[in-house]
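Engineer: What follows is each chain in one-letter form.
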Amino acid sequence: MADFGGSDLDAFRTEARDWIEANFPKSLKGKGSMMMREERSEPTPDMDAWRKAMGEKGWGVPTWPAQYGGGGLTPAHARIIQQELGRVGAYNPIGGMGVMMFGPTLLEFGTEAQKQQHIPPIVKGELQWCQGFSEPGAGSDLASLQTRAEDKGDHYIVNGQKIWTSGAQWAQWCFCLVRTDTTKKHEGISFVLFPMDVPGVEVRPIPLIAGNSPFCETFLTDVRVEKDQVVGPVNGGWTVAKRLLQHERSGLSGAGGGGGLGGRSLVKLAKDYVGADESGRLSDSDLRTRVIMNEIDGRAFQLTAMRAMVESKANSGPSAATSIMKNAGTRWMQDRAELTIELMGHQGLGWEGDDFTAEELGAVRSWLGGKATTIYGGSQEVQNNIISKRILGLPDPK
Amino acid sequence: MAVLNEEQSMLRDAAKSWVQEKSPVTAFRKMRDSGVELGYDADAWNEMAEMGWAGVIIPEEYGGSDFGYLSMGLILEETGRTLTASPLLASGLAAASALVLGGSDAQKSEWLPKIAGGEVVGALAIDEGAHHAPEKVALKAEKSGSGYKLSGSKSFVLEGMAAGLLIVSARTSGKPGDTDGITLFLVAGDAKGVSRKRLHLADSRGAANITFDGVEVGADAVLGEVDKGYALLEKTLDRARAGLCAEMLGSAVQAFEVTLDYLKVRVQFGQVIGSFQALQHRAAKMFTDLELARSAVEAALQAIDADTPDVPELVSLAKAKMGDVFHLVSNEMVQMHGGIGMTDAHDAGFYMKRARAAEAAFGNQAYHRDRYARIQGY
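Residue numbers (this note's numbering), protein chains in the order written: chain A, 1 to 398; chain B, 399 to 776.
Possibly wrong hints are sitting among the right ones.
Not everything, but these chain A residues come out facing chain B in the computed CB check (under 8 angstroms) [unchecked claim]:
| hint | residue |
| --- | --- |
| 1 | Lys115 |
| 2 | Gln117 |
| 3 | Thr289 |
| 4 | Gly298 |
| 5 | Arg299 |
Cross-link-like lysine to any residue pairs, in silico, SDA-like; alpha carbons within 20 angstroms at most [said to hold, decoys possible]:
| hint | chain 1 | residue 1 | chain 2 | residue 2 |
| --- | --- | --- | --- | --- |
| 6 | B | Lys683 | A | Ser319 |
| 7 | A | Lys313 | A | Ala76 |
| 8 | A | Lys57 | A | Val99 |
| 9 | B | Lys662 | A | Arg390 |
| 10 | A | Lys31 | A | Ala358 |
| 11 | A | Lys313 | A | Ala78 |
| 12 | B | Lys683 | A | Lys57 |
| 13 | B | Lys541 | B | Thr609 |
| 14 | B | Lys662 | A | Ala78 |
| 15 | B | Lys683 | A | Ala76 |
| 16 | B | Lys683 | A | Gln302 |
| 17 | A | Lys227 | A | Ala76 |
| 18 | B | Lys683 | A | Lys271 |
| 19 | A | Lys271 | B | Pro532 |
| 20 | A | Lys227 | A | Arg264 |
| 21 | A | Lys389 | B | Asp768 |
No wet-lab data here; the hints were simulated from the structure.
Beta carbons are placed, not taken as given, at the ideal position from N, Cα and C, and that holds for glycine.
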């Protein structure tokens, strides 16, 4: 809250509107969602200019503290910026794991020097971060990770292998979980930072069932990590990691993943591909029933999201309904993706080529890519464990 | 659960404590064992009426409190928890809705205060077969003097044994299956030519088949418009369905909580069975589905209170989803209780029997899935 009185939101709206008008390149209008979907490509000069403008202003992360370059604004001001961006078809160019997950975690657990070093480049969108958490032997059971950090006096030497390091091929820095004590499980983990261009870091992209992906394997061989790049206490990294995972999950609303069908609804697609009888009903009665059940599940999911929001606001705390959102949302989206390719028939199995529409090809990739949504960010089974233990109070096995 | 205002919170708390003290499942068991013809405990019903519950959706000028359908749903959810058998749904919600929505001033003045006070039980006499099909009306109403003569029969009338007022759908033109040509009539339960037969269903509630053998009624017995009764009937049924969903939600939540408690105390293989992941994940799935169903049920009740145009689709959404979830939870209740769940001495069977009867009432899941899609044009 540097320049604005708390009640002066109207004045702020005018300021935001004027600033966006003056700085957002018209050529980028409506391009935001497209850029999210497409493969990574070289930014145009206009894209660079827009990123720099928003970065300097700190409005890409409006609620982060101004002393590190953030907007220093209230959530109400942040909403206004978002609304004003949306009003003119502009997008927020500052994003990625640094913004979603690492930045908020570092602001809470980092030293002053770490914040001074790492937060401003995130705010300006200058640096990409990647996440070195999972390992081949440590997926859902993340705390069993084996990557070793050996204490060499003034630094650590790290050896091991990380997997699913999204965007590692483009990232300049990595936040990483390493084992600093092999005699304990959770209490032997530290949270460290290192640049991706130091000797001993090797990145290999992993092609997935849906084709190309941002996921990589990252091999760490005698990688030097400075001691001032440990976030939180040595052997206290699990607490930091848990907080970061909370930020990750709140960013992964089930409704977001696996979509990519553009504007056409499932019902419209079904009518076009399967046809309807004279009374307007889908002519395949078995498919119709399953389409209806999916529509009902989707509607109930949306109503639950609304209810959880209203309840959280009224009770000033998360509603119990929140715990079910990831499983309910991903289950619905995966069923929907299966129904979509089924109702397209063989047209819904095209891999590439001009025999298939972009929508058909997209449906295939979404169907396959969407399978990840019940695995990442806490698998369906891990979510069920969390509900069982934390909400329902069921005990651990002996 | 929905965010409640002060009067709704008080109503819910009052219902919760009355149900716990006066109407636990043992009261339902006692009623069943007594074989009482009405299918509910008349003393308990009097207490409910004295607390004003039968008048919750009835306007104040006709003796009610006009608190609305979400409020009524809160009470039904609580009574549903312990399977409390009463005419609250059939009379205080369904019959009262028909009168509030379609009644003349005279009809409202005559019947609503009695329904609100619990002196008269109203009931909908709609279906004529084993499956809900409100347009398949064969029961005939022929002109007779200045009034009408009703001939035919109605089946599976909820609270049909107790009903002092029957709201009867009759055919005044067209043929069974037509939505045009249906007229609603108010028929006193003791009218000459009305005879009823108790139906003993698995859920032990007070259902009846009712025969109308040349029952004479005046022109003032027509509720709403002649031949145009179907729209009013649908609106009435949607309110009854939403109320039933609230009751089902309460029953399903209770069935789930009882089962969860059992998982925490039953020991096999040297540990409580609730520590087995196979059971934990089924419990987590039930919890997830119950939360989704609650959202649908509350949205339907709130839409009725706000009188929005999406009431029919939200009600069908709720009935389809709630039916599936109650079905699942009631089956799992028996399965997870094992042998004890199969015994009559345990309550699990009550919940499973009630689930199936409630699923079938006013349209089962298949009916409402089809209706949900038809409303949306596919």
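Engineer: Are any of the numbered hints broken by this structure? If so, which, sorted upward?
Structural biologist: Numbers 1, 2, 4, 12, 14, 15, 17, 18, 19, 20 and 21, in rising order.
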